[in-house]
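Undergrad: Sequence:
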Amino acid sequence: MLRSKDLMYFVILGFFVYGEREVLCSHLRGATNLEYKYELVQADNHFPLKIIVHSSNEPAYIPRHWHDSIEISYVISGKIDNIYIDGMNYSSQEGDIVLINSNAIHSFSVAKGKGREAITVLIPSGFIRENTKDSNPISFDCISIFETNQQRLQHFKELRDLLNTLFVAYLNQHNDPLVHIHLTSLSYKLVYLLLMHFKIDNESIPGFNTHKYLERLTLITDYIIENYDQSLSLDSIAQVFGLSPEYLSRFFVKHVGMTLFQYINAIRLEKSFRVLMNTDHSIIQIALEHGFPNEKSFARVFKKVYQATPHQYRKKHKRRSEARSQ
1 MLRSKDLMYF VILGFFVYGE REVLCSHLRG ATNLEYKYEL VQADNHFPLK IIVHSSNEPA
61 YIPRHWHDSI EISYVISGKI DNIYIDGMNY SSQEGDIVLI NSNAIHSFSV AKGKGREAIT
121 VLIPSGFIRE NTKDSNPISF DCISIFETNQ QRLQHFKELR DLLNTLFVAY LNQHNDPLVH
181 IHLTSLSYKL VYLLLMHFKI DNESIPGFNT HKYLERLTLI TDYIIENYDQ SLSLDSIAQV
241 FGLSPEYLSR FFVKHVGMTL FQYINAIRLE KSFRVLMNTD HSIIQIALEH GFPNEKSFAR
301 VFKKVYQATP HQYRKKHKRR SEARSQ
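Numbers 1 to 326, taken from the working numbering, label the letters of the sequence shown in order.
Hints in this document: simulated from the structure, not taken from any laboratory.
Values in this document were obtained by computation on a predicted structure and should not be read as measured data.
You may find that some hints are simply not true.
Stated by the list, open to error - Pairs of lysine-lysine, DSS-like flavour, derived with a Cα cap of 25 Å:
| hint | residue 1 | residue 2 |
| --- | --- | --- |
| 1 | K112 | K316 |
| 2 | K133 | K114 |
| 3 | K296 | K112 |
| 4 | K304 | K114 |
| 5 | K303 | K318 |
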């Protein structure tokens, strides 16, 4: 099997804050430019889907976001401690499949653990619409966790086998001059299986009614992203959008599943994490330049996700980097 080279870059949306392996996937370069909220997903040049392989022992948190594409999370080994999807929480282990529908608000959280490997498959909604001639949104009920129905278990086995085949073919793509044909055929088969065995009515999807509020959510999250390094308050943000603070607070928790300030801190953490790992700026400088009132506040938010202070985390990864370069 072709060995992929290690690429240590850190992405919090698009998709993972821990070290990614670049698996012959040049279209992922520049993914660090992506932001929270709505994400535009583009397929690989050679076939209709986008595939990302994740391999890391480090803790990670990917805050709430959404995109038009269908997303499939498949755990090859280890586990993903928490997957939040429109108000529901799941923990997935080896062999588990979790499909996230178009525009579903979702997040991921993983603790430190050895041997974790998973893949993400993103299916652009346009690819499905083009092949079904259906302009309406299409939703699926495709989460294998706790499934007991024997017929559905058989369908999940078929889907799991296909994902394994897709994974191996993707890793070996440079060994096969006709791989684009193979991958394209597997892509169509994947969509076929989903449409045949897992398609459901939109109204039966938990949180489906949340999607009508995505335009307002996008405006609010855009504002937070543009002003995360400033002093933000519930009152000031509510005033910008002509809402009462009480309504904004309830609205955000109801449709995003976290408080407004939890989201603001997630944005600040993502921005500051990149600077921490790629510069020698002091911890206090990083904290103040990214909206945290002081170093203690930054350390508290950081430790909740990475199980270490910013200083400890930077020091540990600096030692690892030096060891690899020797």
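Undergrad: Given the hint that K304 pairs with K114, does the C-alpha gap stay at or below 25 Å?
TA: holds (19 Å)
Undergrad: Can you confirm whether the C-alpha distance between K112 and K316 stays at or below 25 Å?
TA: Roughly 14 Å between the alpha carbons, so the hint for K112 and K316 holds.
Undergrad: Is K296 close enough to K112, meaning Cα to Cα at most 25 Å?
TA: Roughly 23 Å between the alpha carbons, so the hint for K296 and K112 holds.
Undergrad: Are K133 and K114 close enough, with their CA atoms no more than 25 Å apart?
TA: The given pair, whose Cα atoms are some 44 Å apart, is violated under the 25 Å limit.
Undergrad: CA of K303 to CA of K318, is that 25 Å or under?
TA: Status holds; Cα separation ~18 Å.
Checked against the numbered hints given earlier, the structure breaks only hint 2 and satisfies all the rest.
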